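Undergrad: Residue strings, one per chain:
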Amino acid sequence: MHQTLSLIPALPLAGFLILSLLGRRLPNRLVALIGAGVISAAAIIAIWLGISFLQAPPDSGAYSVELWRWMSVANFNCSFSLHVDALSLVFVFVITFVGALIHIYSAGFMKHDRDYARFFASMNLFVCAMLLLVMADNLVLLYLGWEGVGLCSYLLIGFWYETTANVQAANKAFYITRVGDTAMAIGFFLLFRELGTLDIPAIQKLAPEHFTSGSPIITAIALLLLAGGMGKSAQVPLQTWLPDAMAGPSPVSALIHAATMVTAGVYLVARMHVLFQLSPLVMSITAVIGALTLFIAGCSAMVQTDIKRILAYSTISQVGYMFLALGVGAWSAGVFHFFTHAFFKALLFLAAGAVIESLHHEHGIFKMGGLKNKMPLVFYTFLAGAAALAALPLITAGFFSKDQVLWYALSANGGNPLLWIVALLGAFITAFYTTRLMLVVFWGTEKTHVGELPGRLMTLPLVILAILSICAGFIEWPHNMLHITLFSDLVQKVLPPVVEAEPVPSEALFQLIAVVATFSGVFVGYLLYRKNTSIIESWKQTPAMVWLRDFFYTGWKFDELYNILFVRPFVFITQLNKQDVIDKIYAGIVSLFQRLNGIFSVSQDGSVRTYVIGVLIGIIFILALQLIL
Amino acid sequence: MASYSVLAVAAILFTLGLIGVLTRRNVIFILISVEVMLNAAGLAFVAAGARWGQPDGQVMFLFILAMAASEVSVGLALVMQVYHQHKTLDVTRLNVLKDDIDIQEIKVQ
Chain X
0 MHQTLSLIPA LPLAGFLILS LLGRRLPNRL VALIGAGVIS AAAIIAIWLG
50 ISFLQAPPDS GAYSVELWRW MSVANFNCSF SLHVDALSLV FVFVITFVGA
100 LIHIYSAGFM KHDRDYARFF ASMNLFVCAM LLLVMADNLV LLYLGWEGVG
150 LCSYLLIGFW YETTANVQAA NKAFYITRVG DTAMAIGFFL LFRELGTLDI
200 PAIQKLAPEH FTSGSPIITA IALLLLAGGM GKSAQVPLQT WLPDAMAGPS
250 PVSALIHAAT MVTAGVYLVA RMHVLFQLSP LVMSITAVIG ALTLFIAGCS
300 AMVQTDIKRI LAYSTISQVG YMFLALGVGA WSAGVFHFFT HAFFKALLFL
350 AAGAVIESLH HEHGIFKMGG LKNKMPLVFY TFLAGAAALA ALPLITAGFF
400 SKDQVLWYAL SANGGNPLLW IVALLGAFIT AFYTTRLMLV VFWGTEKTHV
450 GELPGRLMTL PLVILAILSI CAGFIEWPHN MLHITLFSDL VQKVLPPVVE
500 AEPVPSEALF QLIAVVATFS GVFVGYLLYR KNTSIIESWK QTPAMVWLRD
550 FFYTGWKFDE LYNILFVRPF VFITQLNKQD VIDKIYAGIV SLFQRLNGIF
600 SVSQDGSVRT YVIGVLIGII FILALQLIL
Chain B
0 MASYSVLAVA AILFTLGLIG VLTRRNVIFI LISVEVMLNA AGLAFVAAGA
50 RWGQPDGQVM FLFILAMAAS EVSVGLALVM QVYHQHKTLD VTRLNVLKDD
100 IDIQEIKVQ
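Taken in order, these protein sequences are the chains called X and B. Here numbering that gives the first Met the number 0 is used: the first residue of the first sequence is 0, the next is one more, and so on. Here numbering that gives the first Met the number 0 is used: the first residue of the second sequence is 0, the next is one more, and so on.
With the rest of the complex left out, here is chain X:
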């Protein structure tokens, strides 16, 4: 058991090493076989591990193995050990399983790329780092994985590095996530100062004894950790990097910027739930940030024209739902939404990649159209993903998870009607932009000629993910319908159950309202983009609507704000300092001595006579002094 546990991250690491060292010399087939093979093997091991975990849960509630002692300084001990409990297991499963599907898809998607091996090497390294992140036993190892995924994200966003914009997008992602990472590191330092340990199980045990609920120090720690999560998970106000991160290849967007890495923040908050529970203030902040994010990003998603940017904003918005759930104390609902979201959003990105590839790298949705009959398989799988994203009731996985989040936003102890209304509005917006996306891309008239259709390597993962997007929700039903709660039973071994506020309102009524919101979103989308397109045309004439569209399109002008707040002052200072102000002092000293040297070197003219005169003057001077004094 222990050996197999370490195999899960070791296999992708081995794949990375082989591909990065020998990748150039290997034929493409072998590269794909290694790249996708190691992840698939890890996925199989993870599934086997999951099954044995479910059948016979270990006594301690987790499989753990210490591989070696990493460092040991004074009273700080840090071991390289893995710890897989129910929460980690969910993440490990999603990372390896969805990761394997995306790798298989990439084998087809990237086949014409000359840097085939580099792509798979980076992807394997990413999976390895992400697995370390979720399997880490202590926060130092978690931080290693955390920075590892950041590095791979940077490498893969800038994968096509010959285009300047891609490199800039990669830099932007790196810088902005670094803001959060720094905050998180400071949080870890504080935690270590307070508790003297960074082992996660020890923290969970010690924290409730050490901290009093709501004390400033625990609030500071939780807030700093939350900031780290916000950076990685693209939450307001650190969300601006994610839409630009779409510069990377579509499988990268699917794996890193939809299914796994952007949910690292959700994992961190869920993993550190003990600390968050001790600080009700930070819990509320988490919920408010989630709600704000889901609304802001949803609005932006409504007006984007680039298919991948729509999905990017939608990802930010859905991760916002997860934060909302965590913030109100519905831990398992947040993780459940991550679980279903990973499937349908990965599916949507992969299908979008297939569409983009077949249309000769066309990203604009208004240049697509009429693909329903041209690419039927992609259409049906995309439909499944879109339905899950819009949370069509009962038939999609998205419904089951989002319904929980919505319900707990209202009924959980930390929830309140305002959060619920924002989440409801978000559900409406989600349904609307999903419908818009579907109608514009797949209905209507064909605007770009459809090239080569995706091969079997690419369609197989789509089909599997489509099935999961529909069925993955069936393991957890709303309480008032069926009593199936497999998922929350599993994760509640680690995470505390939801505390509902009293009195609990009638659940069915609010579910109905949510369903109505979803359908009205779909209907409004249908009305505006299919039935009566003249409304949009008339809006284009109204200055207010045009301004609003522009405002949403630019992501609520966050980029512009940051430009004014940070970029321009920084550029101004660097321009001031272009001449190197500090260096001026040293340059002054140097030139002073050079000038003195110029003056004194006149006396050294090589003539004996001058020297003798010099000596003579000196003697006379001394003698004169003798006489005078």
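Mixed in with the good hints there might be a few duds.
[Said to hold, decoys possible] Short, incomplete list of chain B residues facing chain X, as computed with Cβ under 10 Å: (1) L17; (2) R24; (3) I29; (4) T87; (5) T91; (6) L93; (7) V95.
[To be verified] Beta-carbon label-pair distances, calculated as ranges: (8) X/I588 / B/D55: 49 to 55 Å; (9) X/I581 / B/S69: 54 to 60 Å; (10) B/L6 / X/I588: 50 to 56 Å; (11) X/V601 / B/G52: 48 to 54 Å; (12) B/L88 / X/I588: 39 to 45 Å; (13) X/V601 / B/D55: 42 to 48 Å.
The hints are simulated quantities; they were obtained by calculation from the structure and are not laboratory data. Since the structure is predicted, the reported quantities are computational estimates derived from the model, not experimental observations. Quick reminder that beta carbons are idealized off the backbone N, C-alpha and C, glycines included.
Starting from the known structure of chain X, fit chain B onto it as the hints suggest.
TA: Chain B only, in chain X's frame:
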């Protein structure tokens, strides 16, 4: 009174030597002028020794004599080498140790 006149002779000798050092161009003559100056100093020592009836003045002169002899031997050897290398004994032309580094060259960029 007698010692004053001897001291005056010594001062004149010293000044003559000094003028020789300053004005002569030939290295050998400069060396001779230096000898004259040394002897002027020696004369002053002897006169002073005679004035107070002490032997120290004559002892000092013997030191100076020995020092002058060794100085001349080293000095002449150097003069030989200088002549070998530069084919001249003119001190105005023997100024290769002059500091003529261009300041611009070493200026920090």
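Undergrad: Which of the listed hints are not met by the structure?
TA: 4
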